[in-house]
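Visitor: Use the sequences and the hints to build the structure in full.
The sequence shown begins at 1 in the UniProt record's numbering and counts up one residue at a time.
If you're looking for bench data, these hints aren't it; they were derived computationally from the structure. Here the structure is a predicted model, which is why all the values come from computation and not from measurement. Fair warning: there could be bad hints in the mix.
[Claimed, not checked] Label pairs and their in silico Cβ distance ranges:
#	residue 1	residue 2	range
1	Glu426	Gln610	35 to 43 Å
2	Gln610	Ala286	29 to 37 Å
3	Asp573	Val182	34 to 42 Å
4	Ala334	Asp557	25 to 33 Å
[Claimed, not checked] With a Cα cut of at most 20 Å, we get these calculated EDC-like pairs of lysine to aspartate or glutamate:
#	residue 1	residue 2
5	Lys330	Glu317
6	Lys330	Asp456
7	Lys451	Asp564
8	Lys575	Asp595
9	Lys575	Asp557
10	Lys451	Asp595
11	Lys127	Asp166
12	Lys99	Asp80
13	Lys451	Glu600
14	Lys127	Asp507
Every residue, glycine too, gets a C-beta built ideally from N, C-alpha and C.
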Amino acid sequence: MSNSSLAELQAITSNTLRNEVPVEALRHETPAPGKTNVMEARHGDPIPMYGDVNARGFKTVEDITVADCVIAHLEAEEVDAVFGVPGGNIAPFQQALRKHKSMRFIIASHEGGAAFMADGYARATGKLGVCMVTAGPGATNALTGVASAHLDGVPLLAISGNIATDRVGLMAIQESSSTHGVNTVEMFRQACASSTGVPDAQSFQRLLARSMRTAQGLPGGAAHLSVPANIARQPIHRASVPTTRGAFRARPATAPFEDLRAAFTLLRTARRPLIFLGAGAREAMAEHAETFTAFVTQHGIPVATSMRGKGLFSEREALSLGVLGLAGSKRAEAYLRDGVDVMLVLGSRLGEWASRSFHRYFQAIHHVIQVDVNASNIGQFLPVRLPIVADVGSVMTGLAELGQMIGPSSGARVQERWAQVMALTEPAPVVRTPQDRDSVKPQDLMAELDKHLSPDMDLYIDMGNCTGWTSHLLHITPPARIFYPCGLSSMGWSCGAVIGGKVGRPDRSAVAIVGDGAFLMNGTEMITASRYRVGTVTIVLNDNFLGMVNHGEHVQDRTVPLEDDYYGLGNPDLKAFSESLGARAYTVNGPGQLDALLPEVLRRANETGQPQVIVAHIDYREVPPYGDRFAAVASDGK
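Guide: Structure below.
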């Protein structure tokens, strides 16, 4: 960029917010003749949505069965585990998996658990998660797990069986056609990005490629194929099979330079800017975290995250405000409450979890810049001054390049921003002395867990009170990772996801945090972890209630005591339950016990492959940090 062009851009940025320069004026500032910026050159290159299949690497295979064709595609994607429950209508796939020793067929206790495992596998590895289930109830059981992955944008391929085509209309067992039984193709169509019934072997490869492209494309999600048993055994005369990973992955669009320049100008001249990271920034932060951190440090811009984006930016960094949303950080809440003039949203839909139940503080933000690969995610909650449909990583690197060329608006402005962030304090959680000697406060439990978070740890957090306690009180620093299923908010998710995650990344410690109600839903998957020697650690917050519902109703009607047994669980022995399923189980009944126990439990899980369960008896009286959510439910939307 020439000196004259730089001076002109600096002149614009110095008065942007004060004079309300239109975004178009910022976008179309023309660089000096003969000068080409790196970002401009990148933006000018043609970017195909999908790569040239010849360039990506394919081979032709003759007379390969439909089932073997699926396995060949998955092997090319480096998928080494498929999760499911066997049945007659998927027998061809089961037999194909037996022949391919490079790929494990992990048989779950329930199809819903299998789908949750595939979800966890995909999140942990970045690969395609795959679940295979039989027709009828196998497919209906898997639906919740598939929908949960889809709503979080997790790449998942669900394959369900169906009866042989020559039996359609005869009321065969588990028929799932468009005319008889449950139409599983239409059922899944309402719960994922695509759902297709396979009519014949010769069209299968085309339909499989489309499903894999959909699942791994933009914005990504779940795809479903219903394959009749006889078609799964039939040969494809000439199949084109990928030989390298990524043949069906989309290349995201790069942010236009004019949009980058406009976004940089708004951030540079803002008095109280904020960058908000969502889960859509996960891949970008994995690749560009150092560049991003240098940029926000140079300009003194604080960073908050959504719950699903928690830990993408180290929560130990001085500019980190933590989670902004339901059960979020008080520092983040205070910064937003005191006014934000420019907010850059990177990869968040700003749904209810991220927006604190669509809180009015967000409505007061002057200018919103929202970046997402999916245009439909932009502007759902807030009016957006500058929408950018592009790869988050290209925005991070583009802003950093501009920052290096132009620098911050002034040293005094940057110092003011730093001072504003440093003045924020996070109040210590109020923890009362337990009235019950045989319980521990959840705040104490989280503080003890926080001490043992390590770089090689992945946390899988269930839905319920445990969601709020972990979001509010844990501090995640990459490469440690934390995952939440916020899209569908499925209870019992972590019981399967932690197994899939550990199967995919055996080199990392896999820890699930789950409430006792959710553990009763899907805790039977502990036998799956035990059978396959998957060394997970599960911490159960046991208060003998459906706690989130119990506290939520208590907020609405104080005449009903928390001790009322209406939402009680019957005091099951979860330690004995876990041990009966092959896990090694422990109980925590007071402060300091988890702190002393956890290092040895993590070691045993990783070294022996035996799943470990810690049943922590927590004080049910402690109110989880869900004030905005409880208030929203109590208001009936008024």
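Visitor: Are the hints correct? Go through all of them and say.
Guide: For each hint, the structure was consulted:
{"no.": "1", "hint": "Glu426 - Gln610: 35 to 43 Å", "result": "holds, 38 Å"}
{"no.": "2", "hint": "Gln610 - Ala286: 29 to 37 Å", "result": "holds, 31 Å"}
{"no.": "3", "hint": "Asp573 - Val182: 34 to 42 Å", "result": "holds, 37 Å"}
{"no.": "4", "hint": "Ala334 - Asp557: 25 to 33 Å", "result": "holds, 30 Å"}
{"no.": "5", "hint": "Lys330 - Glu317", "result": "holds, 16 Å"}
{"no.": "6", "hint": "Lys330 - Asp456", "result": "violated, 28 Å"}
{"no.": "7", "hint": "Lys451 - Asp564", "result": "violated, 35 Å"}
{"no.": "8", "hint": "Lys575 - Asp595", "result": "holds, 19 Å"}
{"no.": "9", "hint": "Lys575 - Asp557", "result": "violated, 33 Å"}
{"no.": "10", "hint": "Lys451 - Asp595", "result": "holds, 8 Å"}
{"no.": "11", "hint": "Lys127 - Asp166", "result": "violated, 36 Å"}
{"no.": "12", "hint": "Lys99 - Asp80", "result": "holds, 13 Å"}
{"no.": "13", "hint": "Lys451 - Glu600", "result": "holds, 14 Å"}
{"no.": "14", "hint": "Lys127 - Asp507", "result": "holds, 16 Å"}
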